[in-house]
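Make the complex out of the two chains shown on their own, each in a separate frame, by following the hints.
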Amino acid sequence: MASTGEAVVNPAHVGNKKKPPARYWDEPKEEGKDDNKVGKDGKQTGETLPQKHVEKTKKRKKDEVQGDEKNVISGKSDPFPGSAHIPKDRMQKFKRRDKIKKPPRQHYKLKEMMARSDEASEMAEKQAARLDLLLPEDAGFLEGDEDEDTCTISQEDISDAVDITSASKYFNLKLSQFGPYRLDYSRTGRHLLLGGRRGHIACIDWQSKQLKCEINVMESINDVKWLHSEAMYAVAQKKWLYIYDSNGIELHCIRKFNDVLRMQFLPYHFLLATVSATSFLQYLDVSVGKEVAAICTKTGRLDVMCQNPQNAIIHLGHSNGTVSLWSPNQKDALVKMLCHQGAVRSVAVDKTGTYMVTSGMDKKLKVYDIRAFKPLKSYFLPAGASCLSLSQRGLLSAATGDIVQVYRDVCSTPVTKPYMAHRVQRTVWGMHFCPFEDVLGVGHGEGFTSMLIPGAGEPNFDGLDANPYRSAKQRQEWEVKALLEKVQPELISLDPSELGHLDQATFQQRHQDRVQALGFDPLATQKFVPRYKKKGRSSAGSIERRKRQVANEDLREEIQQSAEDKMKIEKERKEREKKDTLLSSKRSALDRFKK
Amino acid sequence: MKVKVLSRNPDDYVRETKLDIQRVPRNYDPSLHPFEVSREYTRALNATKLERVFAKPFLASLDGHRDGVNCMAKHTTNLSTLFSGSCDGEVKVWNLTKHECVRTLQAHEGFVRGMVVRHCGTSFFTVGDDKTIKQWKMEAPAYGEEEEPLNTILGKTVFTGLDHHRKEGVFATCGQQVDVWDEQRSSPIRSFTWGVDSFSAVRFNPVETELLASCASDRSIVLYDMREPAPLKKVIMTMRSNTVCWNPMEAYYFTCSNEDYNLYTYDMRYLDRPITVHMDHVSAVLDVDYSPTGKEFVSASFDKTIRIFPKDGGHSREVYHTKRMQHVICIKWSADNKYILSGSDEMNIRLWKANAAEKLGVLAPRERQATNYNQKLKEKYQHHPQIRRIAHHRHLPRNIYHQTKEQRVMKEARRRKERNVRKHSKPGTVPVVSEKEKHVVTVVK
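In order, the protein sequence lines correspond to chains W and R. Using the working numbering, the letters of the first sequence map in sequence onto residues 49 to 643. Using the working numbering, the letters of the second sequence map in sequence onto residues 729 to 1173.
Bound conformation, chain R alone (with noise of 0.2 Å):
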């Protein structure tokens, strides 16, 4: 007879001091652990809750400013730095970290309309509403030393937006027409105009850095080639851009804010159609930015609140707003992707999260794998009815949630009279035109 009976020796599976971590012997077979769908759902679900709980991305407001706060910029070089161009011509710098004022200049007469700071961080550049572009040192002025430019450049009209080049001393200034300026001279080196009046943005583009586009009050976007005398080429569309931003990763692509409520996002090489159509403002969208990764932007609108959107997806994943703040102007995605810079009408900056639920700080590592764990769950069953409505459901201010139910109910109303005009006509004559065709007027090269 040849017998073994199953014997395990406790000091194999115990752990042999108080100091030591627990042995956890694994056995994977599939039959150990059954309900494996069910489980994983189960745990997905916990964690879209526990997302929602954990959704607090309102971090601080810096409030200092005496006007509404018009313009913002992002230091290049450095992540706590942050200038801020209010409506009274103030400029403040910024320490996000400290969450305080460092500087405060008086540096316009009327609006800051733009502001950016040199590829290098060395100096920043201020355009305001009386007519003036000045150049400001990174430094505050020593004690006794008055606040002055370094450089200041008197204009024949009223500069409204204003852009650096990514590697040279150049920069880009709108208004009445997009001038090109060297730095060391005090005329524009290039002087756009196509038959408009008026621009309100310009930026160049992060790749090909001899690109620029500017949104013209004319309803256009257009884009420019620097070394070239001439524009490129123009998409008009159906109501007018107030600020455009370039892709920092695909830079064939940017997004524009429109005055009709929706984002758009355009390939530069085909303007006959955008590539999509970013829906959910329930009223002017005045301005746009990408983040680092280029897969996200945030917008900020009219309707006092922010948005995040996918930068292929024609929904938001994310609204901000809070009881307070007004009709947000200006907006900036921070340079290592996490948080976001919100400056509204009511005189403050707020300081938000880029993603709601993150936990800031060190996590240790098994905190991290717990979260990556977690993060893929979420994205496995994301489409499940119940996992959806809790993962996309968000509180909105009453207003905005019966606009967003009144245009619904109007663009349906559209929908349907649309369908029922091609329902008893000709068949062919009242063609089916798509959301992304139905905004562009024309093209114009």
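With the rest of the complex left out, here is chain W (with noise of 0.2 Å):
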């Protein structure tokens, strides 16, 4: 850099001027440069070339600077002038909102709110999308060497490649007495929970190996779900639903809720969704411990269920093949769509609530748009796949039978091969991805494996969001903070960010009472009085001119703006047949047919 900075001030002409002193910094390559120049012809103008070349260079750049050079006084000048460039994906990464259109002839104080909030916003994502550089951590990866697939390489490869402690995240627990087992992973991805079909379950702070609780309930298990932290999970046994803390004491039984067989907690909205084998979905505020909504979906029983992380929808897999989205405050379906030709065997939506994934009987895995409830990819799976699970950075894992299969980019590019694959001892019959870690769960029929899956989770944590590393501490104080601020069920909807929109139908309504009430439109613009100037200014005509001049201002903004876009369109449309002209200007084999 100093070597630049240098540069810049003394824009070394090579023959005219005195060369500047010679610096520890610099290197010696240039008097070695000089020497060539001198001794020999034939390389001399293959030199000169990029010297010229650099010599231009330093010249703009003199250029450029010039300006600032006289504010500074020790001459010196900013290399990097200007606040530093941000990369436009990275913005868009941030942005919230467009730019707010601004309506022509406004108010002033409302032009200025306006271009104030714009200004903050913008000065927001700048912040964020600046921050982004500095984040600590990179994702992972795994990448084969030329002719070798990385579905070959096995788990025992990859734990011998990485560090003892990411190697000591691939492990077994074999316990075949009460499996299958299903699982579920705490936010912050530190915890384990483990549910065996015939009663046992498990905590496990499965980084450090720490067993937490362990207890038999002697009852079946359908389910298992840890709840907003730690410190309590709850359980769907044979017939009613249990909460236990993290020392396995039974803490309630809710005999509101039976026969459950899968579960979801909406962690922002201290709600725990579950659907039963009466095909009841029922929503439990954990925090109050009321039953907020109760809906009979008339569909059967209900074992596939996920939640969709952006909108808190519930997304459930019926028999009949289709796949209904539900919040608590509707009493039906909010969508129904038909994914597959036999029932629905599994469904997942990944983070950001783009994509959803099904599999189904008919053995085949679709990824669907649900922004625009549109199928994006279908694939044929040879066994179709019974468990599905997302990761943070999307990656989805299938399970068929006891092979486990990792694919990359499902919903973006059509993949042929899975990204990674294992076989467990037996069926799988739970599966989930740990957030924070590049680790998959699978619990199976002869107990649970943690898998190393490269690049599948987020590097970069939020601190005040899900820490992997806080203290007690700062648990409790996240606790408070999340219940102060517990999104109320009523608002769950298709899109979160309703709220933030205009509510223009309520805002016409009020307008339309006002005006009854009023006897005439307070809003209504008024008619143009044209001001009395004098000095002769006002004589009749001139009055009259004034007065076209504003006449008719909306109408004609209007018209305006109509006749752009029909320019726009036209445009278009040339460019279209500019370009099937010139398609069509290559003579194909069957033009000699033509007349």
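Hints should not be assumed to be uniformly reliable.
Said to hold, decoys possible - Label pairs and their calculated CB-CB ranges:
{"id": "1", "chain 1": "R", "residue 1": "Asp-995", "chain 2": "W", "residue 2": "Arg-558", "range": "25 to 33 Å"}
{"id": "2", "chain 1": "W", "residue 1": "Met-171", "chain 2": "R", "residue 2": "Lys-1133", "range": "29 to 37 Å"}
{"id": "3", "chain 1": "R", "residue 1": "His-1120", "chain 2": "W", "residue 2": "Arg-246", "range": "55 to 63 Å"}
Everything labelled a hint here was simulated from the structure, so no lab data went into it. Think of the CB as a built atom: it goes at the ideal place given N, C-alpha and C, for glycine as much as any other residue.
Here is the structure:
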């Protein structure tokens, strides 16, 4: 950096000027170059070219900076003037809204307010984008050698290749007595909850391999789920729903929730959503212990369920091949999509709430865009996937029988072979990616397997949201904060940012009421009355002229807009035609038959 | 094979010693923070609720007067000093930080009608029903000395109000006419009359210091220039104005408190219609005072309440009342923009917070940050119905609550009648008269 600064200040015209005094940080190359110039004629032409180029760039830089140079006392100038450039895609990532489109002729105060709010939001975006550069961790990856498939690399190979702590994350728990197992990771990814079909429950701090509690409920277990923190978890047992604390003490038996088969916890709403064999979808508010909603879906036994983490909508898969979307505020489904020809076996939604992956009895794996409700991709899996799970960075794991396959980029590019594959001892029963770790937990008939999947987890967590390294005190503080900003269940809707939009309908209704009450429209545009001007400028003619200047102004704007639109369409059409003619000008083999 | 697996060093995420603060790495990726809007809304709702919980505006009551408090004056250079004059001619000087009276003097016989502190803060003036103007020293007399005015001017008629020039030794009184006095002389240097018999208040403009505004009993507000022999112009309204106050920041605006329960903000240049009509009181408004920032003003009313209005808002943002406070005669907004002082009929001066939920005292930086953040949230979501309902809810004494209702019914009835008249008469014969135009009779120049 120092050397470039020097170069800017003293643009070295090689022949004419004195050389700057040699500095220890300057490499002794230059002298050598000079020698070359004098000595070898043959190479001279070859060397002068790049040097000229260098000179040019120097000159341009000097021109650019000249303005600044005068301001600095020392004569030095900033080699990188202005604020740092932020790549566009990074800005896009943090973009919340477009700039407000300014209607013409608005009030000056409103204009100012809008400009200020635009400015503030832009500054926030920029700062967030800048901070992105400082994130400490990079995501993991796995690359095979030439003609080596990553899916042939075994877990043992990976654990041999990585460091000890990471290698210790690949392990098997042999629990053949009470299996098959379902599992759940806590939101921070530190704690693992295992629930065996035959009543065994274990809470494990899986990184340090410490067993927190282990009990047997002496009943069949359908599903287990952590609640908001690692202090409590819910267990769907044979008949009722139970809540235990991390020491294995039964806190509640909730008799309103019977025959629960699957559960989902909505962390920002403190809602536990359950589906039962009696086709009921129920919501339990775990902060106050009240049932928020009980919806009879009338679709038979429900055992396929997932949540959309972006808008807290529950997705249910049914035996007739449909996937339905539910919110606690509506008695019937928000959306029903026919996804498969057979029954739906598993559903998963990605972290951004954009894609939904489903698998069905028709042995297909389909990817949907759930913002537009459109199918994107369809894959055929020979055995069909019984369990699906999406990781934070978009890896998809699918279990077919006792084989776990992990796919990469299923949503965007057509995939032909898996990214990784692994065979466990017996049929897979439950599967989850661990948040903030490159780990996939698989529960199966013989116990539990923790696999290493490089590139699965989000490398940089947010300390105020889900912090894997939080202390007990931090957890307590977080709990209070989270409870304070618990989102009410009424706010669950397909569009999570709906609350931020302008309620046009209500505004219009209120305006109508106001007009009716007042007997006139207070917001109506007032008739333009030309101002009286002196020195004979308010003659009848000039008044008329001034009136004409503003006459039909709104109409004029509309016309202008529509004309512009028309021009645009016309231009596009012309371009298309041009392209078509270009394409058609290439003679095809059949053209000779044309008359 | 090339492989990298996420492996964090716990030392980078956990504090080194117990004395450190906890490390909190942040990642602002929006996908890690879902429900942004609804969570922010919840925060705003909580902030609004907490604001209502912490709204305890009443600070202290200063008692000691033996008759109703008729007028008050702020010290021009000292925040903690307040002057008050009562209906029995007694003037008291208060120390606001200690909530105690530091000096009492019998200034007049009968009412003390007006008080003002000289711009430099070395002396103050009082006028009373005994037709005198008295100038008093700021310091209390030494032990053994008698309380004597520096200067006494005996006028011809009763004085009802008084104000001092911002920069010079000139003050103005009102009564039968508006007089401008030089401090050195015993007769007025200017005397303005415009066909009326009595004035109730006079105020110097704080920026264009030669300008004056006064309220007359013929329902008019008159503007004067001290340098000219005749008044500038006046606006006649449907009802009488009691007091007038200039906006200290945008000094071409002034607000007058009116007998018709409203306050009107006028632009001095365009008197033909007020800029804003401030409604909410249910009885005559007796006094008004601007905050030093010029963004809000406070009004005192005969209906035993104090209301705070934004300068451009038609309705009050706050109402203060207590069970014991009677008709509020005079009101002042303290010069540090934090307190409001009200003097009422039942001989007490009350000290209120200007911002009901504000925490007094020094705020820790984090506390201040949280307060600012909450303030911004409340502002952002203020139009959402639930938040609006909570933020606007005020408990009112029963009679005021019912009177407000009654007023609303009456207004609606009048409007309905007008609408019906318009509907059944020839188009254009019954024009729509806006609320602002309704109360102005005429402007005279």
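Verify the CB-CB distance for His-1120/R and Arg-246/W against the hinted window 55 to 63 Å. 59 Å, holds
Do the beta carbons of Met-171/W and Lys-1133/R sit within 29 to 37 Å of each other? Cβ of Met-171/W to Cβ of Lys-1133/R: about 47 Å, so the range 29 to 37 Å is violated.
Range agreement (Cβ of Arg-558/W with Cβ of Asp-995/R, hint 25 to 33 Å): For Asp-995/R and Arg-558/W the Cβ distance comes to about 30 Å; the hint holds.
Comparing the model with each earlier hint shows a violation of hint 2 alone; every other hint is respected.
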